[in-house]
Structure formats: C-alpha cells, structure tokens
Amino acid sequence: MKLVVAVVKPFKLDDVKESLKALGVHGMTVSEVQGFGRQRGHTEVYRGAEYEVEFVPKVRLEIVVDDAQADEVTNAVVDAAGTGKIGDGKVWILPVEEVVRVRTGERGADAL
Amino acid sequence: MLAAAVTYVPYPSWLNPGDNTWQITAATFVGLMSLPGLAVLYASIVPKKWAVNVLAMMFAGFSLVMIAWFVWGYKIGFGANSFGGGVKDGVQTQLGRGGWTQFIDNFAGKPGPVLSPQGEQGQAVSAANTIIPFHFPTASLAYFQLVFAAITPLLFLGSVLGRIKFLAWCLLVPLWSTFVYGVDAFLLWGGGYFAQEGSLDFSGGYVIHMSAGVSGFVAAWVLGPRLLRDRQHFLPNNLVMAAVGAGILWLGWNGFNGGDPYYAGSSAAGAVVNTNLATAAGLLTWVALDAWLSKEKKPAFLGAVNGMICGLVGITPCAGWVNGQGAIYVGVICCVIVWVAWNFLSKVPPFSKVDDALGVIYTHGIAGFFGGLLLGIFGDPNMLEYGCGHLDSAGQVVATTATQYATAKGTCVPFGVDGLAYTGSAHQLWEQFRAAIWVIFWSALVTFILMQLLKLVLRGVRYKDEILEVGDLAIHGEEMLPEDGFSTRIGAGVGAAGMSEASLGGGGREPDDPVPTGAGT
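Those protein sequence lines, which keep their order, are chains A and B. Just so it is clear: in the first sequence, position 26 is 292 by the working numbering, and no numbers are missing. Just so it is clear: in the second sequence, position 471 is 561 by the working numbering, and no numbers are missing.
One chain only, chain A, in its complex shape (with noise of 0.2 Å):
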C-alpha cells in the first residue's frame, strides 16, 4: 500500500476529489495547511501596517491506496489540480507499512 500526500491550491479541491472518486478511491483525510515553495507570498495591510505574508493557504490531501491504484490516484491529482501556473502543489508518495480498520479491525487492503 501508499500513502498519496498532495499539496495543492485550495480551489482545487473540488476537482482533485472529484476525479479520485471517479478512479474508486473510498476516502481521504484533507487540512488546511500553510506553505511556501517557488511561489512568492504576498503583502497585507492592515491600518496602514504591512505584513509580509511569506506562507500561502494550501490544501493538504492524504489518501491510502493500493500499490497498483498508487500511479493513477498520483495522475489524476495531477491533472486535477493543474493550472500551468507557479504554486500549484506538489505530490509524493511514501509506502506504508499497515493498515487497520479501527471498527472491525480489518487489516491491509481490505481495510481500505
């Protein structure tokens, strides 16, 4: 099994999810994160104050799946969630050792 971990812009979310789904995927965990890559922050002001704002909003989605599912989950959030333009996300994958089904205690693909 893999553990997908995408970062990617928040208006994005409806897309990427969207198309997982299509592919079968059952579920996934999402956060709201703050980051920084390549793509510069931005300025607030507030009174007259400026704030130099160096983190972004982004979206952060963890999704389990198997090892064969692994590839085409990690193209489809890709296509999703492209928009051509600088900040939009990264994804990488990690193996992952088990997993368990905390209701039956199901463990392994079946837990998925």
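In short, the hints are calculated from the structure, not lab data. Take the hints with a grain of salt, since some may be wrong.
[Unchecked claim] Some chain A residues close to chain B (C-beta under 8 Å, calculated; not the full set):
#, residue
1, Phe277
2, Lys278
3, Val311
4, Gly314
5, Tyr317
Note that CB positions come from ideal geometry on N, CA and C, so glycine has one too.
Chain A is already provided as a structure; the job is to place chain B on it using the hints.
Relative to the frame of chain A, chain B by itself:
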C-alpha cells in the same frame, strides 16, 4: 372652573415625556457604543492573544465609571455648585468677571452622589443649561452624561492595551474620570469657565475625543511600548466583528450627537443628519486616499473604519451648529488631515517614539482638535439650537410660531454659532483654540501624574515580559476561541462536572448512535 381633583399622575408638569424619552434613548445608544461597540471593535483588531484582555478592561472600565459617576463624579462635571461658588444652584454668578478668579471659582463642581429619590427623580438642575429649564429628571441627565464619561477612557484603552496591568487600568479609569474628565466636562459643559467664555463643544470633540487621544498618548509613553514581537505581528483577528463594532459606533453616534441639545427638537434632528453626512464623507475620503495615494493603492476596509471615525469625531464638536454642507466639509477636512498624520506624522518624533497601539492620538486626538476648530469656521448662525417664543410657567413651549422661533423678537436672540465663514469674525475660532490648548495641557499633565503615581504604588504599571508573551491566557486564564476537544474538566464549578451520568438522570442515553439520514423523503 374648578380645579380637577388630585389623583395619580405619571410625572410633574416640568417633565416633557418626549424630551425624557429621547434623552434616555439617546443615552442607551451611546452606552451601546461602548458595550458592545467599542469593546468588539478593539477586541477584533488586536491579535487573538489580546482579545479577552481588551474585553475584560472594557467591561470593567465601563462599570468603574458607572459607580464613580453616580457616587461622586457627575456633580464634578455637571453639579449645580462649583468649588469657589462661581456656579451656584445652577446659576453662573460671575459672568464677565474675567481673570484667574473666574477661572478658579468656575473650575469644577463639588462632588456628590446622585443616589437618593430626589437626587434621581427631581428636575435636573445644572449650569449645563441656563437658557431653558431641563424637561427631565437628574437621572436622565446624569445617565446621559455617564455614558459619555464611560466611553472616554475606553477610547484611550486603544493606546495602552497589550501591556498595561489589569489592576493599573482599574485604578487609572476612576482617577482619570474624576480629575481629567470631570474637570474638563465642568469647564466646557457644566457651565464652568470656558462655557462662560463662549468656547463650545457640541458633544465632546475636546472633552472626549481630543482628551482621550492626548491622555492615551501620554499614558502609552509612560508605560513604554508593547513587546517587539507584538508590534511586529499585530494583526486583527476578525474583520467581520470589527465591522459589527464599527457599525454600532456609527449609528450609536446618533444618540451621541442627537442627544446633546437636551431637547427632542430640530437641533437634535439636524445634529443626527450632520453626523451621518460628515461620517460618510470621512469614510469615503479615507478610502479614496488609500486607493489612490497609499503605497498599496487598495481600498482597505479598516481604512474605511478609520475614515468613519475621523468623520464622527470631527463632527462631534460641531454637530448641531453647522449646516449639512459644513458637515461634509468637516468630515472631508478632518479625514484628510488625519490620513496625512497617520501616514507621515507617525514617522516623526514624538509620534514615532511612543507606542500608541491603535493610534488613538490620530483618529480621536487630531480629529477632535480640528473638528473643534472647524466649528469656529463653519458654525452657521442660522442653525438654531434655541429659537425664540413662549414658555409657560413649567417651562414648556406654548404658542410659538415658526417665524417667532427663527427670528429675534424682543429680548430673545435665537442661539446659533457665529463661524468665520458666515460672519467674517474669527472670535469663535479663538475661543475654540483657547479651550483646545487647555484640554491638551490638562489631559496630558494629569494623566502623566496619575500614571507616575500608579507606577509607584503598584511597583510598575506593565506586566512582565513572560506574561506579555502569552497574553490573555496568562492574565485571565481564558482564550478568545477555546478548543473544547483538547480540554477536559478537572476542577469544581457550576454545571455538575464531577457527577456521573446516572446520578443526573441521563443513564438511558446512547450518545454515539448514528444520526439518521434521509428521513422524510
């Protein structure tokens, strides 16, 4: 005709229910400007770690002035008798005398309570109005003046927040209210020296806003700056809540300026309209300046709030005495001056050396100063606070025609303000300037003395850095947005925390049953 039999009546003949209704209503509007208006505005434009501290100081400050005002303070500002006897039983006895004697004998009222039945319910008597008897009881006048007294220290909380000790604040507020606010209120409003000389302040451009700005600035100087990290990361926590607070301030100002004629008449109505005109003009001016001339060239919302406050503060000393056109000028001029000061003067000493956290010296101090001066320019003699006509023996208006009201008849001259733009005379401008210099001097001096005194008694008026690094949690044990999932009750308190489910009669409940979905299709 026989006199009617004596029976139950709701009020005596000197009381006018319309005037009394408006006075209490206007006072409540002004009270809402503090709680929740200003409390919410300030608490939402500080970082999360300071919001609770601001709220706690706001509510405690309001309560402290409330008690101080009714136990002794009201009569310092509006009592019928001054120290030295210049004002006696609500009558100014030394008009035109001149010199230091008149100044000293008409400096402050003798303190005393407004707590007795007659004290609350008897007809208001104060040299704050020597032209027509008050049409409402002392309770109405005292409560109306209380909400002004209360908001003033709350305004300059914006200068000192983020480091002042809670206890220092709780001592400063009643002391400041007594020795600064009470004195200035008597001198300009309570029939004291400057009122007798002809200096005017419709609703507090000097007594409230400029005084708050100057006092906050001096107090911030004595206190020293916030932590460096706080100064570098002082982001607002919620702009939507800032809008709620700001909106309550604006519309609450209808009571602030609309209540100050003391009669629910044309002057009140004119003051309300002028207040709103100046505010809209001020708001739009700041937005335009931000959009066109600021470095970012963006119409910032908090800039709009600043402009709104400049308009409100600028029109406050003028409200019922300028016409609508004058009101727009006042809003625009005050806003331009404050915008320039905010962006440029702030880089020059002493402004660059004092950490006035929310910039109260600009939006209240400078706007109030110039608003008061502009009254001397745009005061329109035809905007009447009082016209001429007939009063019956109880002081109620009878049989007064519109023509009588608006034009001089016999010994009565309708009361309006002679501004430079309408009369060519700079006399009023000079009277305004004198009073402004006094208020700046007195507010700065007494605030400095009080802060030094508190510093000595409390062994410092600011928290240690370890406390300032944490903020609300260290000072109050509370957070603005606590996370219930990460915390578990460990101690006693209301709400039966330690009791079992069964002993509370809730044993049969299965809280984790799934919520049924799709019902009722």
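Now for the hints, and whether the structure bears them out:
1. Phe277: This interface hint is violated because 21 Å lies over the 8 Å limit.
2. Lys278: Status violated, d = 26 Å.
3. Val311: This interface hint holds because 5 Å falls under the 8 Å limit.
4. Gly314: holds, 6 Å
5. Tyr317: Interface hint status for Tyr317 (chain A): holds (7 Å vs cutoff 8 Å).
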